Structure formats: structure tokens, C-alpha cells
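Whenever a hint applies, use it, and build me the whole structure from the sequences.
Here the sequence shown is numbered in my numbering, starting from 1 and rising by one per residue.
By construction, these hints were calculated from the structure, which means they are not laboratory data.
Keep in mind the model is a prediction, meaning the values are calculated, not measured.
Heads up, a few of these hints could be off.
Said to hold, decoys possible - Distance condition first, Cα-Cα at most 30 Å in a straight line; then the derived BS3-like pairs of lysine-lysine:
id, residue 1, residue 2
1, LYS393, LYS320
2, LYS320, LYS392
3, LYS330, LYS392
4, LYS393, LYS59
5, LYS59, LYS87
6, LYS222, LYS235
As the list claims (entries may be wrong) - Here are the computed distance ranges between Cβ atoms for each label pair:
id, residue 1, residue 2, range
7, LYS55, MET114, 28 to 36 Å
8, ASP77, GLY13, 37 to 45 Å
9, SER93, VAL430, 50 to 58 Å
C-beta atoms are modelled at their ideal positions from N, C-alpha and C, and glycine is treated no differently.
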Amino acid sequence: MGLFVSYDTNADGRLDPYEFVPVAHRILGQKVSLSEKQAVVHQNWDDSGEHLTMKALFKPLELSTMTKTSDSYFLSDSALTGLKSWKVVSIPSMTLPVNAFAAFLPPSHASTGMLGTPWFIVEPQIAKFSPQLSSNRYNPPDVSGNNAVIHQLLAMFHPRPFIFTRFGPQGTAACIEAQNNEYLAIQFRIHAEFQLNEPPLHPFWFSPAQFAGRLVISRDGKHIASFHMGVPTNKSLNVENDASETTSSNMEVDIGFLPQMEIVDQGESCSVTAGGCDSGTSGKHSDNIEWNDQIPNWAAEKKLEQHFYPFKKVDYLPFKEAFNRAKAEKKLVHHIVLWGALDDQSLFLFIYCWMISGSGRTLREGPLESRPVLQLLQDNYVNCWSLVEELKKISKDGSDQEMANIAQISLDNYRFPVESMVMHANGSLVARMNANEMMEVPEHDSLPKKIVE
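This is how it looks when you write it as C-alpha cells:
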């Protein structure tokens with residue numbers, strides 16, 4: 001059943017001829033066919049009403065930030081063809097009718113006062129612990145309904161976007177950040193990835209951490225005051241890259257930094273006339289809107305983050321802030337050290353753990369999400385997670401020797417792929433456990449007793 005689900009890419013309970021192609025290749029041990037159909041976008045909008053013009057901005061991934069790709073043993077140049085040749089966006093500018101963005105409006109049954117309450121624009125296809133979708137694909141499946149506008153936006157960057165990631169959590173979610181009688185400010189989060197290679201090359205998957213966006217739209221869905229979406233660049237690593245040079249399902253995985261991948265409006269939406277459309281200055285109108293009710297931007301981001309990752313109901317602080325607070329509150333620090341981010345889709349290490357352990361119980365979807373552990377961490381610890389690369393930088397920072405020492409202690413006790421540590425505020429180690437060991441803990445006991453006690 002798990003194998004069937006992994007090839008049923010549109011989750012309709014059957015394999016159409018397109019979905020059966022990789023199954024046939026697997027049975028026959030053949031390379032993928034050169035002929036695959038392109039995705040069909042079934043639009044549920046028309047050209048009536050106002051239109052919004054957007055511009056796509058893109059700076060290629062910095063290859064020097066990838067830890068494996070720079071080594072000759074990782075992949076041949078041919079495997080990286082799609083990545084290295086992707087220098088510009090596929091569609092620099094796009095104009096869509098405003099009614100296409102009705103997909104972003106809250107559900108019709110929703111309360112008008114649901115500030116910060118998330119809903120799915122694109123519903124996930126796979127449940128937690130379900131098998132991953134197949135990596136042996138090149139072209140996205142057909143899209144329709146709400147999925148169509150998300151696909152169209154992502155296609156501005158590259159012609160082969162997949163709005164359903166191979167690994168969970170999948171989907172696109174949104175919540176209301178601010179509102180008045182006329183407008184809604186909607187913040188959204190998209191999990192998506194791109195296939196960069198074409199046959200006869202083997203697949204190469206490009207998986208951004210997330211697309212974070214904000215839309216200011218009239219309640220009737222007829223006017224857009226502003227629109228923006230993009231891959232956040234506040235972390236040193238924000239893209240996962242998966243590639244293979246064989247017909248097996250095993251993928252070589254690496255992460256790197258993408259400087260820019262965003263879509264910005266070119267002004268408010270407007271009616272297109274024979275004389276053209278004067279869009280004005282981007283975002284000007286939305287800045288002047290007075291809101292009756294609103295929550296901070298960071299609070300809306302956190303609500304969406306928790307919607308995808310329930311373990312984030314516990315506050316995870318930045319490294320320095322966590323150890324300073326632990327000192328002030330006289331608490332221990334629960335410190336997770338890893339290579340990729342814990343709370344976005346650039347987290348290749350947990351995928352790695354998934355594959356080598358034979359278990360669907362990843363750290364963030366297993367122990368960290370269980371109610372007893374959530375309560376334990378919230379009540380008794382100051383919590384943080386750190387990237388290995390960021391700890392290396394902190395350890396070399398001579399301006400704060402105390403934090404440099406704590407960072408070095410954390411690195412000295414780190415073991416690939418993920419290390420969970422309990423530390424004093426001065427950095428001395430109390431206990432540690434590797435993610436691979438943690439996933440071997442029996443189902444009824446998610447946390448080692450020595451940590452609980």
C-alpha cells in the first residue's frame with residue numbers, strides 16, 4: 001500500500017498512465033522515458049475585473065555554500081546541469097486577473113474575526129508518517145482549483161514547480177494578519193519544490209525552505225492593494241538539493257543558500273483599458289490602510305509555522321538569547337544541533353534519518369511533537385536549535401568569548417546528523433542523544449528517562 005501511495009501523485013486512489021510510467025521503469029529496471037506529458041493548468045478564473053502585474057526576482061543558489069557539491073565525489077557536472085544552468089526566472093513578469101487570487105480568501109464558513117487562525121489553501125496529499133511521493137519524476141501533475149494559481153505563481157521561477165513536496169509537511173496555508181470592513185491582510189506559507197533536470201539526466205530536486213508571502217485584498221476579492229512572496233534569507237542555509245546518478249530511489253542530498261527568489265507586485269491591481277493601466281508605486285496603498293484589528297507580523301508567521309510544525313508550540317530561541325535567558329531564569333537549555341533548519345523544508349537530515357532508520361518517526365514529528373515532551377520542554381527548559389555552520393561562526397567570534405566557548409562545546413559534542421543536548425547556561429553538558437538513537441526508543445517512551453528525571 002505504501003508503494004502505491006508513493007506513485008499516486010494526485011492522490012485519487014488510482015494510477016493513471018502518467019503515474020504508472022515510473023512503476024514500469026522500476027519493474028523493468030529501465031531509465032525513465034524521454035517523453036512525459038506537461039502539466040495542464042485548469043484555470044478557474046476569467047479575465048473580467050481588475051488585473052495584478054507581478055515581477056519575479058531571482059539570484060542563483062551560491063554553489064560555494066553547498067557542503068557536498070564542491071567535492072568531486074558527490075555528483076558529476078552532468079547531474080548538476082539543471083542547477084548550474086538556472087540563472088534567470090522562467091517568466092520575468094506576469095499579469096493575472098484578481099479573481100484568480102480568490103483562492104487566498106478565507107473559507108466561506110470562517111468567522112470574520114479569525115485573526116491568526118490558519119487554514120489550508122492547498123490541502124496536503126500525504127498524512128504524517130505516510131510514504132513519501134516518488135522522486136523519479138520530471139513533470140508536475142495537472143492542477144486545478146486553488147492549486148492552479150499557486151502553480152502559476154511558482155512557474156514564474158521555473159517551468160516545473162511541484163506544489164506538493166515529496167516529503168511532508170505539504171501544502172499552502174494562510175491566516176488573517178489584519179482586517180477592517182473593506183480589506184484583509186493575509187499572510188501565507190507555501191511548501192513547494194522544483195524539478196531542475198530533464199531526461200536523459202536523472203532527477204534533481206530543488207526544495208526551498210518555504211515561500212513566505214503577504215497579500216492585501218478586498219473582502220469581495222475584486223481588488224489587490226499589495227502582494228509579495230519569497231524564500232526567506234534570514235538563515236545561512238535555505239534550500240535543499242536532492243540528486244541521483246542511478247536508477248535507484250536513493251538520493252544524494254545537500255543544502256545551500258539562495259540569495260533571492262521572490263515575486264513582488266508592480267502596484268495595485270487595476271482595470272485594463274485601451275489606454276493601459278497605471279499601477280502606481282508598489283505597496284503604496286496598502287501602507288495607508290487603517291486596520292480595525294490586527295496581530296503583529298511575527299505572530300502571524302508563528303501561527304503558520306505551528307500549523308505545519310506542531311512542535312513549535314514550544315518557543316525555540318536564538319542561540320545567544322537562549323543561553324542568556326537560561327542564566328537569568330536558572331534553567332537548563334535543551335539544545336538541538338543540526339545541519340539543516342528544524343522548522344522548514346530545507347531539513348534534509350531528518351529525511352536522511354527517515355531513510356536509514358526505516359522508521360517514519362522523525363524527531364520533529366515524533367518525540368518533539370508528543371504532548372508529554374511539549375509540556376516538559378515548555379515548563380522546565382529554555383529551548384533552542386542551532387545550525388552547525390552558524391555555531392562555527394559564533395565559536396570564532398572574539399567579541400563574545402563566553403558565547404564562543406558555548407558554541408565550541410556544542411560543536412565538540414555534536415554527532416551527525418542531529419544531536420539533542422541538555423546543557424547548563426554556562427555550556428557544560430548534562431546529557432546528549434543522537435537522533436538515530438532517539439528513533440530507536442520504544443513507541444511508548446519518547447524521551448530517555450535520564451533526561452526526564
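Hints, one by one, checked against the model:
1. LYS393 - LYS320: 13 Å, holds
2. LYS320 - LYS392: Holds - the C-alpha atoms of LYS392 and LYS320 are around 14 Å apart, at most 30 Å.
3. LYS330 - LYS392: It holds: about 26 Å lies between the C-alpha atoms, which stays within 30 Å.
4. LYS393 - LYS59: 24 Å, holds
5. LYS59 - LYS87: The hint holds at about 7 Å.
6. LYS222 - LYS235: 36 Å, violated
7. LYS55 - MET114: 28 to 36 Å: 31 Å, holds
8. ASP77 - GLY13: 37 to 45 Å: Since the Cβ atoms of ASP77 and GLY13 sit about 41 Å apart, the hinted range of 37 to 45 Å holds.
9. SER93 - VAL430: 50 to 58 Å: 56 Å, holds
The structure is inconsistent with hint 6 alone, although it conforms to all the rest.
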